[in-house]
Amino acid sequence: MKTYCKGIEFTRKSVVEALHRWKKSDSGKENGWRVADEYGTETAFVDRIWLELSTETLTFEPIRTYLKHDPNNGKLREISVESIKRQVCNYLCVGALEPLLAAKVGFWQVSSGVKGKGAALGMRKLRREVHRFAYHVHVDIRNCYGSMRTEIVEGLVARYVKNSQVLYLLHSLLSTMNGVLILGSYLSLRLAALVISFAYHAVEEAAKERRGKRVRLAGCQVWYADDGYFLGNSKRSLRKAAAIAARVLGRLGLSLKPWKVRRNGAEPIDFAGYRIWCARGRRVDLRKRLCKRLRRAFARYMRRRTERLARRVCSYWGWLKTAVMEHQMNVKRCIFNAARAVG
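Start counting the sequence shown at 173; every next residue gets the next number (my numbering).
Hints were generated in silico from the structure; no laboratory data involved. Worth double-checking, as some hints may not be accurate.
Distance windows between CB atoms, simulated [what the hints assert, rightly or not]:
no.	residue 1	residue 2	range
1	THR213	THR237	29 to 35 Å
2	GLY351	GLU224	22 to 28 Å
3	GLY490	GLU377	31 to 37 Å
4	ALA438	VAL286	28 to 34 Å
5	ARG304	ARG477	42 to 48 Å
6	MET474	ALA451	30 to 36 Å
7	TRP205	ARG483	17 to 23 Å
8	ASN350	ARG408	37 to 43 Å
9	GLU479	VAL387	53 to 59 Å
10	THR231	ARG331	25 to 31 Å
11	MET474	VAL387	49 to 55 Å
12	PRO234	ARG423	28 to 34 Å
13	GLU376	PRO234	35 to 41 Å
14	GLY288	GLY246	25 to 31 Å
This one's a predicted model, so the numbers in the text were calculated from it and none came from an experiment. C-beta atoms are modelled at their ideal positions from N, C-alpha and C, and glycine is treated no differently.
Make a model of the complete structure from these sequences and hints.
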């Protein structure tokens, strides 16, 4: 079995690079000021992390949690808030595990936390493929992060990583997560993708023999975080593919919510806020709840042009552009004015 990360050795430069990667992220842009506030200077902050890492005495502040309403689906989610020291160590650990993640995580496992592999990439893939297949099935992992035990995740990584420094850093981070992966952590996001990759590859390799040819059970599959989408021309094959995914995930302590096979021409594929149609020229529009929020934001901005409302209007531009709805809703001029007000 091939192992990874054997030649990686942490240095002070590694910590500095992890700090720069964190500062470029959304969390770093929002919380970068806390480095000077809590540690005085960046140099002192880096020296503190490097000293504790080199002497294997890493300690972290307790993780705080709060409930957040998800506007996309109405759910209440428990979001974790980590200290800046822990956030930088997350980026340091992910950087060290990158060879393993690059080798194991599937290309069509997209996520909003990975640059260049967001929801729009998966949406475009499904839009290209939806006309080739008659059916699709959507599987969703029940309580994904809350069901992923840290000891199982750590055991999976230890099978493929033979580096004591990397395993120590990973253990220091996972051992303070109260037994399960936490929502809102960059490390948890990447490790969850690693766990789900075992189901991804099992479905990718599953096939049947037909007229002397090897035919895949799922002609196309895309995962967005913990949601999987399988497309094919046979209901029976798609049921088998979903059963294989459920069996592999079950061995890792995860379970799927109830699912059923749907016809592509009868109803759209609901993917990460997008609705992908087969019978309407492969048109893509947005979820009704999201459209309602979007229209309200534009209506409020037209009535009262404040900077706060202008920022909110600009935040919806990505949805409209990727769904190719900017001409349909005639909002380009409004977006242009809002962007000028913000800039």
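Verification of the hints:
1. THR213 with THR237: 29 to 35 Å: 30 Å, holds
2. GLY351 with GLU224: 22 to 28 Å: Taking Cβ atoms as reference, GLY351 and GLU224 lie about 23 Å apart, which means the hint holds.
3. GLY490 with GLU377: 31 to 37 Å: 34 Å, holds
4. ALA438 with VAL286: 28 to 34 Å: For ALA438 and VAL286 the Cβ distance comes to about 33 Å; the hint holds.
5. ARG304 with ARG477: 42 to 48 Å: Once the Cβ atoms are compared, 46 Å apart, the range 42 to 48 Å for ARG477 and ARG304 holds.
6. MET474 with ALA451: 30 to 36 Å: The hint (30 to 36 Å, Cβ to Cβ) holds, given that MET474 and ALA451 are roughly 34 Å apart.
7. TRP205 with ARG483: 17 to 23 Å: 19 Å, holds
8. ASN350 with ARG408: 37 to 43 Å: 42 Å, holds
9. GLU479 with VAL387: 53 to 59 Å: 56 Å, holds
10. THR231 with ARG331: 25 to 31 Å: 27 Å, holds
11. MET474 with VAL387: 49 to 55 Å: 53 Å, holds
12. PRO234 with ARG423: 28 to 34 Å: 32 Å, holds
13. GLU376 with PRO234: 35 to 41 Å: 40 Å, holds
14. GLY288 with GLY246: 25 to 31 Å: Holds, since GLY288 and GLY246 (Cβ atoms, about 29 Å apart) stay within the stated range.
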